[in-house]
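2 protein chains.
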Amino acid sequence: MNIQFSDRMGEIKASAIRELLKLTQQPEIISFAGGLPAPELFPLENMEKIASKVIKEQGKAALQYSTTEGFNPLREVIIEQRLKPAGINATLDNIMVCSGSQQALEFSAKLFVNEGDVILCESPTYLGAINAFRAYKPRFVEIPMDDNGMIIEELEKALKENENVKFIYTIPDFQNPTGRTMSIERRKRLAKIGAEYNIPVLEDSPYGELIFDGEVYPSIKSFDEDGFVIQLGTYSKTFCPGLRIGWICAHEDIIQKYVTIKQGADLQSSTLDQRIVAAYMEEYNLDEHIKTIIEVYRRRRDVMINTMKDTFPKEIKFTNSKGGLFTWVELREDLDAAKILEEALKLQVAFVPGASFFPNGGNKNYFRLNYSNMSEERIKEGIEKLAEVLKRYYN
Amino acid sequence: MNIQFSDRMGEIKASAIRELLKLTQQPEIISFAGGLPAPELFPLENMEKIASKVIKEQGKAALQYSTTEGFNPLREVIIEQRLKPAGINATLDNIMVCSGSQQALEFSAKLFVNEGDVILCESPTYLGAINAFRAYKPRFVEIPMDDNGMIIEELEKALKENENVKFIYTIPDFQNPTGRTMSIERRKRLAKIGAEYNIPVLEDSPYGELIFDGEVYPSIKSFDEDGFVIQLGTYSKTFCPGLRIGWICAHEDIIQKYVTIKQGADLQSSTLDQRIVAAYMEEYNLDEHIKTIIEVYRRRRDVMINTMKDTFPKEIKFTNSKGGLFTWVELREDLDAAKILEEALKLQVAFVPGASFFPNGGNKNYFRLNYSNMSEERIKEGIEKLAEVLKRYYN
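Those sequence lines, one after another, are chains A and B.
The first sequence stops at residue 395 when you use this note's numbering, and every number in between is there.
The second sequence stops at residue 1395 when you use this note's numbering, and every number in between is there.
Okay, chain A solo, but in the shape it has when bound:
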């Protein structure tokens, strides 16, 4: 067979994480690889009641086609429960429901990027975003980070040096993969920069509410006075990812464009799932549920970080994340995390090598660890095994 695929297929690769996830479905593997929530925390009993109620009471509508923008009561709970408390004022016209934030990322590249256009992003950044964007053949310009997130001076330099920048992509809270959080000052500045340069700021916020100490940071969107910030949110990390319900919050002219794209892409997200989420959020308190998640993840983070401190060679650096799902590990420059993964897998421990988080390559000496999906015991055991492997390279 000799079928000709489009040129863009040369750009997209199978996701390293999704491929790894298949391996790690074997129960004996201690996996720090995915970004999976803890399934033992899913509110099964309430979900069963709600699903049953939705089908009983709204079945004909819940199983039928519906509008592309999304189910209005769901858009309303997103506005009231998730956006208002985060300081974001929005109306129905500012919200489109989508199938997880991943879909919003792909739509964003489709909406803004012509071949060769520039996307500015943190270095490193979420590999699922890189893959989604790549199909539209952008040029990535990576902006260096420090412990306070993307360095704004570097960003402004890149804005001046590059033509055809189409958007700035950032994950301000407990960033994937580094676990770093952007300071409030930088958030304010970034919201202004969009308007100054006529360039949208894509704020990807899946983890912001999972903060272990202190208050949730205000969203970049909450400082947006000019409509250039596009906020992407999701129920995947605070509720149930299997339902694939996320949202885009943006200026209504931009939302209209996203709606047109979604019509062509899949008509709409699952009516049933949208109605289940809406009914759940009307009946139960997600904030209480998030508190439970935070308790569990905080302890897991503590076990992971403490075990790393106790067992990892001292030269190895890592983030002590204050929320979210990940810590980021920096090895000596000559080491290759992909090779270390091979050895770790022999001890049945998995993680994601860092190179695929850098769109322009290089940086083989990093890896990402997830702590949300394994029990404290398994985390301790896994990190100890990983330390064994790492010690072979340090002395």
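It is worth saying that the hints were derived from the structure and are not from the lab.
Each computed EDC-like pair below joins lysine to aspartate or glutamate, with the alpha-carbon atoms no more than 20 Å apart:
| hint | chain 1 | residue 1 | chain 2 | residue 2 |
| --- | --- | --- | --- | --- |
| 1 | A | K56 | B | E1048 |
| 2 | A | K49 | B | E1045 |
| 3 | B | K1380 | B | E1343 |
| 4 | B | K1056 | A | E48 |
| 5 | B | K1022 | A | E252 |
Just so you know, these numbers come straight off a predicted model, no measurement behind them.
Could you slot chain B onto chain A? The hints should help.
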């Protein structure tokens, strides 16, 4: 605000149907516009049992992320229940689950089409496909049809005359919008043509099982010996569209590419919906359910066609569809169906003007009527009102 969108946004328009559907949500409107199944036939009681059972028994997995390819037991029931009886031999490697056929259409253009490449399609063809494809800036070459579907001699002529043809798009069964069905001889020929020209044949089959008289026609894919036919299927028309569950059946090398695209596009379709559909199909008999749907739709088609025969001006032609959801109406060449729609809406009757089903424009003197979503009484009343409007133009 002066944000710059990508060039492709100039190509995509809001779907005429989805925009009309919003209007037609008013209950007083008699809508022949959408392609909506009859919601009173949804198996609500059984669905409620199944949803409840799935969450109770498999909740942790059902609400969690899962693999991009789709839930294996769902892929298995697709193979055993839908493909095997249609004469298609497939294994798990030949199937990817997607969010309705619409998503498969968008993915297909992404997979095969570079800017300026040619797509061959029936004239007219499904407007949702045109919109999905357009984002990738193809050139459409329309192949004339007769009562036996796409005319193969015209197709071969187009294959010889055009360079960079990337795929042939066809809806062989009760085509949307014309209601026409491709003959078995042409199906066989089309399956061969793919291999002869090294060009995939995209067989879009949402309606094939909704046949009112006689047997289901063999799928083009069932004649495929060389792996060039890609079959798109869906549960949207035979079960519940709100769950957004469809599939792609193709050679495994092609499925692998679709999987890569889906990873970037939305990671996976809803785990919950996939597991609900799989559990339903394991426990209940979809074929029996389809028989019920056919009974109801056949009567509705009869009422529509008979009322049209009784009340429409004699010069007007229309398809007496043998299955599916639509009939297609041809007016005198100087008439504009969009203007007639305006007048019909004043009498609270809606339909879709035909022009948007022709990718290269023209053909204003056609419209599409759907009979699956209104009761027999409403169909009779709506067609009589429509006849009133039409009579103003004929005498």
